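My request is simple: use the sequences and hints to build the entire structure.
There are 2 protein chains.
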Amino acid sequence: MLYLGVDLGGTNIKVALVDAQGNILQEASRPTNLPRPAESVCDDIAELCRQLAAGRSDVGGIGVGCPGTVDDRSGRVLYSNNLAWADFAMSDYLQAATGLPVRLANDANAAALGEALAGCAKGADSAVILTLGTGVGGGVVLGGKLLTGYTGAASEPGHMVICDTPDAPLCTCGRRGDLESYASATALIRMTREAMQEYPGSTLCQLATPETVEGRTVFDARDAGDPVAQAVIDRYIHHLAVGVANLINIFFPEVIGLSGGVANQGEALLAPLRAEVDPLVFGAAYADKKTRLVACTLGYRAGVIGAALLAAQD
Amino acid sequence: MLYLGVDLGGTNIKVALVDAQGNILQEASRPTNLPRPAESVCDDIAELCRQLAAGRSDVGGIGVGCPGTVDDRSGRVLYSNNLAWADFAMSDYLQAATGLPVRLANDANAAALGEALAGCAKGADSAVILTLGTGVGGGVVLGGKLLTGYTGAASEPGHMVICDTPDAPLCTCGRRGDLESYASATALIRMTREAMQEYPGSTLCQLATPETVEGRTVFDARDAGDPVAQAVIDRYIHHLAVGVANLINIFFPEVIGLSGGVANQGEALLAPLRAEVDPLVFGAAYADKKTRLVACTLGYRAGVIGAALLAAQD
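Here the protein sequences line up with chains A and B, keeping their order. Under this note's numbering, the residue at position 75 of the first sequence is numbered 75, and the numbers go up by one with no gaps. To convert a position in the second sequence, counted from 1, into this note's numbering, add 314.
Since the hints were derived computationally from the structure, they do not count as laboratory data. Computed from a prediction, not measured in an experiment: that's the story for all the values here. Some hints could be false.
Stated by the list, open to error - Below 27 Å or equal to it, Euclidean Cα-Cα: the simulated BS3-like pairs (lysine-lysine) are:
1. Lys-603/B x Lys-436/B
2. Lys-122/A x Lys-459/B
3. Lys-604/B x Lys-290/A
4. Lys-603/B x Lys-145/A
5. Lys-459/B x Lys-604/B
6. Lys-289/A x Lys-122/A
7. Lys-289/A x Lys-459/B
8. Lys-459/B x Lys-603/B
9. Lys-436/B x Lys-145/A
10. Lys-122/A x Lys-290/A
11. Lys-290/A x Lys-145/A
12. Lys-145/A x Lys-122/A
13. Lys-436/B x Lys-604/B
14. Lys-459/B x Lys-436/B
15. Lys-459/B x Lys-145/A
16. Lys-289/A x Lys-145/A
17. Lys-604/B x Lys-145/A
Here it is in structure tokens:
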């Protein structure tokens, strides 16, 4: 059987035809063209799905990763800030338009399922995936299934508070000092800018201005020997390690996979992160196994692959 | 079918004969009499089990809740500080001594399973149980099964850091500012003592000395109108709320159940806790369901009941 995976973003609708092992056979996309009504976007999704399924009798269903708060059981988008949708019965609408069964997930959860089943945690019995991007997204996959809980919403490890102090950075969720406020690419850029302001003679300030600084800037400056950049990286890795160690102590997963812009640093991030995480793991001295901390492998295709594999779980 | 549940503590060995619904039919116990070798303690456990099973052909197995780090899959106690045991194949030993299949779990996990299946979360599809005692123990039950992860060890939500600052209280696990260091009964007593030292004229100081203060002291003083006690309670509940909200954002469980000495305060603890937790839950404004925050109901029998129900899962 084959499955259609949809990654619905604020900019593009991406659809792929995927086999049960997570291999992509064919892809299609078009601009999301927001703002427009949910039905209109879904008509485009349905058309892309029909294109990819044309002439085939072996397409078993459609999986959709959608930004925002979704209820995976009822197939409703409860609220999506990116799409400006509220309470839309997306699965029912797409099912009526395509004649195929539809499964819905939060987009970060769909990508996490892709990495867990066909990417960095393939073959593992449990995985926590963290995306270090504008925010810290994530998903938890246990025994091959997404953890969505009672509400049907995604697990939100990025909104775990790790430093509950009045002067901790404020997250868009309204809490201070959560993992997202310390470990997102946005947070790394904020910390880099603060260091640039404090050390105007640093290499950092030769490589970028406060306007052009990116997540990678601080790594580039460190590679050029800048101790100010090294200090920012150390601080960033420390916060990330606290969050990762918390998640290990809660889930003891086989794999923790990191994706998103910052994770592109690979071992430059992962090696010091492992060293900082190890002593924070509860009972590590007596355990004969430990969580593998790795980089994700599917890149931006994790979303369509995971969405398709969600459809395959019906 | 009936099952034997064993709650092995540093002071007593408790065994109960339990039906598949979690009802206790018969109980027996004897002192643990530490220090002594693991085999000797297990011989006593086996004898208690034989007593309760005598003349019955409907006993399907034994479940054991054991303090320390256990591997639930291999049935080994990896390390138990309380018992001073290391790397003991407890399931194999007990199975040979009794002729019954044996399932092993961490003691806090066994109690959590009891509360999830037969106590405060009976009928719920997911539950996180926190025990506010000497430490903060806990267990996570998803779809009726304990979350034990890749290592086979218990979930340890008490060792989630919620305030990563250099001056946060130090936990016995070696980390500063974890939930245990802020929300255990030990932490509440520490905070009460600090308040007594700072406010020697307070009602608190009339009700107890630094030596006699207990977890309930601060609640008694508050009931007598002491604003110093109220401030301690507010601070304690704030920290607990941060941890509880983190666990909701990670698991979105149907139920969070609190047990242990501090939870005996019931609604005096739960009502203000719910009020503090609610605004910290991610996406609460759009969710049509919310986690129920309740007190556990099985008391000290949760351990034997949960251990027996673990055996019933084979």
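Inset, instruction - Take a quick look at whether Lys-289/A and Lys-145/A sit within 27 Å of each other, Cα to Cα. - result: holds, 22 Å
Inset, instruction - Verify the proposed pairing of Lys-290/A with Lys-145/A, using a straight-line Cα cut of 27 Å. - result: holds, 21 Å
Legend entry - Given pair status - Lys-604/B, Lys-459/B, alpha carbons within 27 Å: At roughly 21 Å apart (the allowed maximum being 27 Å), Lys-604/B and Lys-459/B satisfy the hint.
Inset, instruction - Quickly compare the C-alpha distance for Lys-289/A and Lys-122/A to 27 Å and report which way the hint goes. - result: holds, 18 Å
Legend entry - Restraint status (C-alpha distance of Lys-603/B to Lys-145/A at most 27 Å): holds, 21 Å
Inset, instruction - With a cut-off of 27 Å on the C-alpha distance, tell me whether Lys-436/B and Lys-604/B pass. - result: The given pair, whose Cα atoms are some 17 Å apart, holds under the 27 Å limit.
Inset, instruction - Would you check the hint for Lys-459/B and Lys-603/B, treating anything up to 27 Å between C-alpha atoms as holding? - result: holds, 22 Å
Inset, instruction - Mind checking the alpha carbons of Lys-145/A and Lys-122/A for me, to see if they're no more than 27 Å apart? - result: holds, 13 Å
Inset, instruction - Assess, step by step, whether the Cα of Lys-289/A is no farther than 27 Å from the Cα of Lys-459/B, and give holds or violated. - result: holds, 21 Å
Legend entry - 27 Å limit on alpha-carbon distance, applied to hinted pair Lys-436/B and Lys-145/A: holds, 23 Å
Legend entry - 27 Å Cα cutoff - pair Lys-603/B, Lys-436/B: holds, 18 Å
Inset, instruction - For the pair supplied as a hint, Lys-122/A and Lys-459/B, confirm whether the alpha-carbon distance does not exceed 27 Å. - result: The hint holds at about 23 Å.
Violated hint: 3 only; the structure is consistent with all others.
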